[in-house]
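Participant: This is what each chain is made of:
Number of protein chains: 2
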Amino acid sequence: MTIAQAITELTQVLGDRLTTSKSDLDLHGQSEAYFPPTPPDAVAYPRSTEEVSQIMRICSAHDCPVVAWGTGTSLEGHALAINGGICVDFTKMDKILRVSPEDMDCTVQPGVTREALNTDLRATGLFFPVDPGANASLGGMTSTRASGTTAVRYGTMRDNVMGLEVVLADGRVIRTGTRARKSSSGYDLTALFTGAEGTLGLITEITLRLRGQPEAISAAVCAFDSTEDAVNAVITTIQMGIPMARIEFLDKASAAVCKAQSGIELAEAPHLLVEFHGSETSTAEDATRFGEVAEEFGGTDFRWSSKPEERSALWEMRHRAYWSTLAAHPGCTGVTTDACVPISQLARAIEDARKLIDDSPVPGYILGHVGDGNYHSLLIIDPNKPEDKAAAKALAKRMSEQALELQGTITGEHGIGMGKLPLMAEQHGDAWSVMGDLKRTLDPQNILNPGKVVQQNG
Amino acid sequence: MTIAQAITELTQVLGDRLTTSKSDLDLHGQSEAYFPPTPPDAVAYPRSTEEVSQIMRICSAHDCPVVAWGTGTSLEGHALAINGGICVDFTKMDKILRVSPEDMDCTVQPGVTREALNTDLRATGLFFPVDPGANASLGGMTSTRASGTTAVRYGTMRDNVMGLEVVLADGRVIRTGTRARKSSSGYDLTALFTGAEGTLGLITEITLRLRGQPEAISAAVCAFDSTEDAVNAVITTIQMGIPMARIEFLDKASAAVCKAQSGIELAEAPHLLVEFHGSETSTAEDATRFGEVAEEFGGTDFRWSSKPEERSALWEMRHRAYWSTLAAHPGCTGVTTDACVPISQLARAIEDARKLIDDSPVPGYILGHVGDGNYHSLLIIDPNKPEDKAAAKALAKRMSEQALELQGTITGEHGIGMGKLPLMAEQHGDAWSVMGDLKRTLDPQNILNPGKVVQQNG
Ligand SMILES: Cc1cc2nc3c(=O)[nH]c(=O)nc-3n(C[C@H](O)[C@H](O)[C@H](O)COP(=O)(O)OP(=O)(O)OC[C@H]3O[C@@H](n4cnc5c(N)ncnc54)[C@H](O)[C@@H]3O)c2cc1C
Ligand SMILES: Cc1cc2nc3c(=O)[nH]c(=O)nc-3n(C[C@H](O)[C@H](O)[C@H](O)COP(=O)(O)OP(=O)(O)OC[C@H]3O[C@@H](n4cnc5c(N)ncnc54)[C@H](O)[C@@H]3O)c2cc1C
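Protein chains in written order, with my numbering: chain V, 10 to 467; chain W, 10 to 467.
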């Protein structure tokens with residue numbers, strides 16, 4: 010067997026950092042989503058770029074699939090080794106290699122998590138802003154082009170990755186980007202590998218843009234009569250150029266579970282959660298102006314806070330929304346949708362999604378990064394009701410298609426993995442076959458995360 | 010001849026919008042830089058995507074080179090038809106196809122110029138922020154990944170192009186990106202074609218992100234004793250999170266020519282030109298805080314202005330710096346460098362550049378988009394002194410190499426064209442050969458702007 014041969018050779022390189030223990034395989038065969046477990050044949054824990062390069066040289070010599078693993082929080086089965094092979098777990102490549110406060114950038118290994126980086130940065134007055142809620146690895150976040158609550162102000166991983174070191178399928182090591190703030194030098198390889206979900210190369214170093222910790226932060230929560238009012242308040246705020254650092258939407262159902270789990274008082278209504286970053290003066294001004302806009306659209310039950318504890322409690326509630334919702338349905342799992350549309354279409358998209366859910370047998374909760382036009386619905390699957398999974402998947406498909414009808418995308422931030430593969434042709438047309446051409450160019454043997462993003466035998 | 014055959018067939022499609030008149034060929038054989046004229050064999054003026062697709066089908070059938078042309082202001086011979094063939098001039102594809110104020114985006118044909126777009130947008134309260142000074146076409150700006158004075162606040166073309174329609178080498182038409190604010194759907198083809206200088210496909214539609222016209226603008230000019238003081242003032246301002254919309258550097262020599270040509274009073278010293286966008290309160294606050302920082306670094310001779318006429322005069326002076334400098338050397342041409350480095354290295358880079366110029370026989374002027382770490386030196390070539398060109402090119406090469414030593418890039422915004430080709434291997438190593446692989450995948454016949462960005466026969 011070729012995979013077996015690769016494992017033998019890899020063991021010579023990695024020693025006990027190449028494992029085939031059942032517990033390790035099982036752990037790396039699971040995902041956050043509803044996909045059946047598919048363990049790899051072995052798990053490798055490289056410590057250096059050189060070791061990753063050796064892994065690729067050996068695996069390409071033996072046509073052995075290689076699937077990268079960050080923290081495994083991706084939601085579309087991205088990191089599942091569906092063709093078997095080697096799972097490369099980046100946990101041991103977790104060094105922060107350089108922080109340059111003057112240039113507000115840093116270089117990290119891919120196994121560094123977002124929270125570990127921010128803990129390390131605390132004393133510098135800087136922070137890394139992209140915040141997907143989960144304490145994901147920066148390699149995984151780069152590879153899914155992740156974003157989250159702060160993208161409306163600070164952008165997504167696309168905007169915050171300045172350069173990469175990448176090990177190619179044949180083991181060659183390249184560098185993309187530079188430490189300069191911008192570059193017009195050749196094709197944008199940094200962007201090509203960002204969001205490629207480990208199908209074009211393995212990322213071994215990431216140079217990230219950092220931001221100054223804001224001098225002042227103020228946050229607020231407020232209720233609206235309808236989704237439309239809430240979304241229109243957001244559109245107006247953006248148009249007025251009021252710089253929001255976060256602006257999150259919770260529908261009535263989500264507000265109810267968040268309230269129940271967090272103890273934070275929320276009305277039975279759609280809510281916006283907002284945050285402003287800046288100076289004392291500017292955040293106060295932004296807050297006032299936002300308050301006026303919200304009031305114009307019937308916003309009520311306003312609560313402002315510039316106290317760190319209160320703010321943390323608010324965002325903790327938001328970040329735990331996924332788990333709070335599942336906790337309200339013990340024993341159930343979920344399907345998470347990720348439509349993203351032009352913001353003028355968002356109220357309509359969310360209202361249609363709500364109707365679809367209400368007409369279906371499964372419970373569903375809607376929340377979203379409303380400043381980006383990105384909403385998630387979490388659809389609940391009861392394992393005792395076999396019809397739920399099919400119903401939830403049909404609902405999710407319909408919401409993706411609706412996003413396309415509204416000139417949006419089937420995934421604002423989670424990525425394709427396996428779950429969204431069936432919709433790629435619909436979204437991209439001939440451009441999907443161009444993606445397949447690029448994949449074949451960079452990975453002619455199809456050993457890098459096969460079966461994801463592009464067609465398996467395309 | 011294959012090119013002749015292509016011209017015959019193209020005439021059937023385009024009629025008199027395919028021309029071989031000498032004046033037209035000559036016009037499209039010139040560039041802003043020092044390259045010898047190289048006229049194409051014919052110039053095509055398509056009116057639609059369908060016509061561009063037909064052009065590519067015909068030209069690929071006959072192995073005929075195709076070079077796109079926007080307004081021809083690129084500075085590295087980008088749009089020169091060095092292998093002959095068809096120049097596709099996008100002037101007649103100059104329609105603004107859609108503006109959506111609610112979503113703050115628009116879709117344009119590639120021949121629309123930046124100024125035409127902003128004139129059209131005036132009544133909407135929106136504007137398109139990327140400003141390379143020259144009134145370039147949006148197709149050209151996309152293809153060079155242009156930026157300019159406002160990138161420090163609003164980003165470059167990379168950050169403002171949301172999606173593209175592209176005609177591939179074989180005539181197929183694809184769409185990249187969506188109208189959603191972000192997407193994790195597959196490989197980032199938008200970024201791949203942005204900055205590809207027409208070597209991977211012809212761009213026929215561009216979806217752009219727009220911004221709200223700021224409620225208030227304030228601008229200032231101030232003098233410093235040294236480059237280092239000026240740059241350190243900028244670094245501190247950025248670290249404090251004071252949001253600058255523009256921050257430009259002029260060295261002593263540039264200040265002198267700008268003063269002479271514009272009549273604006275400037276001391277014989279390095280200067281910073283700054284601008285803040287926001288509300289009345291926030292711009293006033295930003296201005297005060299910047300003033301404090303500048304003073305700390307010895308800034309003097311401060312002049313603030315929030316009057317539109319005064320501001321226009323200031324930026325007109327900055328935008329005309331290139332022409333003002335050439336006007337000070339009648340009959341001469343110039344070589345423009347475009348190094349971009351981590352901002353902590355900028356003072357050193359500029360000071361070294363100044364020394365190199367002072368030790369050389371050619372006069373040189375330094376200015377830059379200092380908030381991005383990007384500086385240009387304009388090196389003057391006297392046609393009567395044949396040694397000047399070689400000296401200027403050697404200087405330019407040295408400055409590019411220095412940018413690489415400082416972990417920067419050989420081009421922050423102008424692109425590669427032909428002028429920077431000899432430095433690509435040094436900047437990118439094996440990543441340059443990956444670029445060559447991508448080029449061969451998308452343009453296997455090497456008919457799209459051959460000889461640019463990647464190796465001619467790589
Ligand atoms: C409760 C919850 C909330 C979430 N909220 C958000 C959100 O708000 N926004 C958001 O964007 N996402 C969100 N996610 C999804 C998930 O957190 C992100 O997709 C995250 O970026 C995945 O990171 P990871 O380290 O877990 O990657 P993994 O799941 O381990 O891997 C993701 C993909 O990247 C590849 N990969 C990993 N490391 C590398 C590497 N070094 N080189 C090449 N390829 C690599 C893997 O092969 C896989 O294809 C959420 C998930 C959960 C469970
Ligand atoms: C005085 C002066 C100041 C300048 N200042 C700046 C500055 O501050 N910042 C900056 O970034 N640049 C600057 N430039 C350079 C220049 O303005 C930019 O490079 C600009 O983006 C070129 O646009 P264009 O329409 O003139 O493109 P062109 O020169 O016509 O073409 C540029 C490249 O794009 C390709 N191209 C054009 N249209 C298409 C299309 N539709 N599809 C595919 N490929 C296409 C061409 O083949 C060529 O390779 C300056 C130039 C001058 C003369």
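Hints listed in this document are in silico derivations from the structure and should not be mistaken for laboratory results. Be careful, since some hints might not be right.
Each pair may be met inside one copy or between any two copies, as identical chains are not told apart.
Straight-line distance between alpha carbons at most 25 Å, and here's what the computed SDA-like set of lysine to any residue pairs gives [stated by the list, open to error]:
#1 Lys316 with Thr450
#2 Lys268 with Gln222
#3 Lys316 with Thr290
#4 Lys101 with Pro317
#5 Lys316 with Glu294
#6 Lys101 with Ala336
#7 Lys104 with Gln416
#8 Lys406 with Arg184
Participant: So, against the hints stated earlier in the document, which numbers end up violated here?
Facilitator: 1, 2, 4 and 6
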